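Student: These are the residues of each chain, in order.
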Amino acid sequence: SQTIHQWPATLVQPVGSPLSLECTVEGTSNPNLYWYRQAAGRGLQLLFYSVGIGQISSEVPQNLSASRPQDRQFILSSKKLLLSDSGFYLCAWSVVGARGYTFGSGTRLTVV
Amino acid sequence: AQSVTQPDIHITVSEGASLELRCNYSYGATPYLFWYVQSPGQGLQLLLKYFSGDTLVQGIKGFEAEFKRSQSSFNLRKPSVHWSDAAEYFCAVEGNNDMRFGAGTRLTVKP
Chain A
616 SQTIHQWPAT LVQPVGSPLS LECTVEGTSN PNLYWYRQAA GRGLQLLFYS VGIGQISSEV
676 PQNLSASRPQ DRQFILSSKK LLLSDSGFYL CAWSVVGARG YTFGSGTRLT VV
Chain B
596 AQSVTQPDIH ITVSEGASLE LRCNYSYGAT PYLFWYVQSP GQGLQLLLKY FSGDTLVQGI
656 KGFEAEFKRS QSSFNLRKPS VHWSDAAEYF CAVEGNNDMR FGAGTRLTVK P
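Listed in order, the protein sequences are those of chains A and B. Everything in the first sequence is counted per the working numbering, starting at 616 for the first residue and increasing by one. Everything in the second sequence is counted per the working numbering, starting at 596 for the first residue and increasing by one.
No wet-lab data here; the hints were simulated from the structure. Quantities reported herein were computed from a predicted structural model and do not represent experimental measurements. Just to be clear, a hint being listed does not mean it is correct.
Not the full set, but computed from the structure, chain A residues with beta-carbon under 10 Å of chain B [claimed, not checked]: (1) 619; (2) 621; (3) 622; (4) 637; (5) 660; (6) 695; (7) 702; (8) 705; (9) 706; (10) 715; (11) 717; (12) 720.
Glycine included, every Cβ here is placed at the ideal spot set by N, Cα and C.
Here chain B stands alone, though its shape is the one from the complex (with noise of 0.2 Å):
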């Protein structure tokens, strides 16, 4: 089965400062990779998603990530953190029929 490791369970960056939110998954097969945001109380919200093609994906609200199949790594980055983006950030891998998502990664961000 699919399995996905967001090694920081914890980050805490400074407005305006750049972003990168680290993710590993182990899959077999072709992955089909996502990032969902978490606000506190609430439903996850897709950011993007990885399926084919093109490896560096834009998403919204300004978030990127780039898929390496050498590294089996889709990490999330944003250029430059907005107050508004303390949340949770989940990275999720797709197979058959679930999806397994890491742990999660906390961002804070500090004024």
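Just chain A, same shape as in the assembly (with noise of 0.2 Å):
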């Protein structure tokens, strides 16, 4: 069965110092990824998917970037986190030509 693993499940960082969320699926193969940001009281907002290795797209110009190293690997990172960087993190996986999304657990990051 296809699981999706996100790690830390929480985490606490100083303003500037550097930011790394992993991602992985297992299951499953060439699957489309996804990094979703839940602001405190406020919605979803799509950070990056990625249609495969090496492919990202980023949907809103900030802090942050997204790599996929590997098929089933998808890592979200800062060189510096600013205090706006706060959130929980959702990565969540799709198969291609398939409609549903399945989401991790989660991470909660807070910048301090």
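Put the two chains together into one complex; each comes in its own frame, and the hints tell you how they fit.
Tutor: Here's what the structure looks like:
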């Protein structure tokens, strides 16, 4: 069966520090992968999506970047965190040609 | 691009009462519509989805939703709410390469 893993679950980082959040999918090949951010009291904002290795589309210009070094691995990064980067980050995947996403359990990031 | 509006930010209902959460979408093509539920600090769980066919779809946990093309709506309903239904609910519409979500409706259940 397909599963999605996201870590860490919680993270507290100082302003200006780097960030690396990792998401991996098991049990499927060539998934579409997504990073969403959920700020407090707000809905989900699509940050990045990827349809294949090395293929990244950015929805919102910001302090973050994404990479897909392997087929089932999706990484969200920042070189220098801002206070405004705090939020709940969700990774999701979908099957090419199918509809609907499966979400990971999320990472709560607090920038202090 | 597609968009979703959930007019109600917060709804409170008594346990055992009926529930309806509103969702309106905007999309130029055939919409693929979803309802997700999120418990505090958790990821999103799919409740139900609509692609085509019968406009009344059944989901998990006793939820159902009705697609009304003329009103661009996809409202979520439950006949009798349980305390465990307290959570945040998101309506979403999927386009070509992404899924857009509404701002969410937080449901509080009174004893």
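Student: Next step is simple, just say for each hint if it's right about the structure.
Tutor: Comparing the hints with the structure gives:
Interface restraint check for residue 619 of chain A: the shortest CB-CB distance to chain B comes to about 9 Å, inside 10 Å, so the restraint holds. Hint on residue 621 of chain A holds. Least Cβ distance to chain B is approximately 8 Å, under the 10 Å limit. Taking 10 Å as the C-beta cut-off, the interface hint given for residue 622 of chain A is violated, the closest approach to chain B being about 13 Å. Below 10 Å, beta-carbon pairs count as interface contacts, and residue 637 of chain A has none with chain B, the closest being about 15 Å; its hint is therefore violated.
Interface hint at residue 660 of chain A: satisfied, since its Cβ lies 8 Å from the closest Cβ of chain B, which is below the 10 Å cut-off. For residue 695 of chain A, the suggested interface contact is broken, since its CB lies about 26 Å from the closest CB of chain B, more than 10 Å. Among the interface hints, the one on residue 702 of chain A is violated; its C-beta lies about 13 Å from the nearest C-beta in chain B, farther than the 10 Å criterion. Interface restraint check for residue 705 of chain A: the shortest CB-CB distance to chain B comes to about 6 Å, inside 10 Å, so the restraint holds.
Because the smallest distance between the Cβ of residue 706 of chain A and any Cβ of chain B comes to about 9 Å, under 10 Å, the interface hint for this residue holds. Taking 10 Å as the C-beta cut-off, the interface hint given for residue 715 of chain A holds, the closest approach to chain B being about 6 Å. Because the smallest distance between the Cβ of residue 717 of chain A and any Cβ of chain B comes to about 8 Å, under 10 Å, the interface hint for this residue holds. Here the hint on residue 720 of chain A is kept, as its CB sits about 4 Å from the closest CB of chain B, short of 10 Å.
Taken one by one, the earlier hints fail for this structure at numbers 3, 4, 6 and 7, listed in ascending order.
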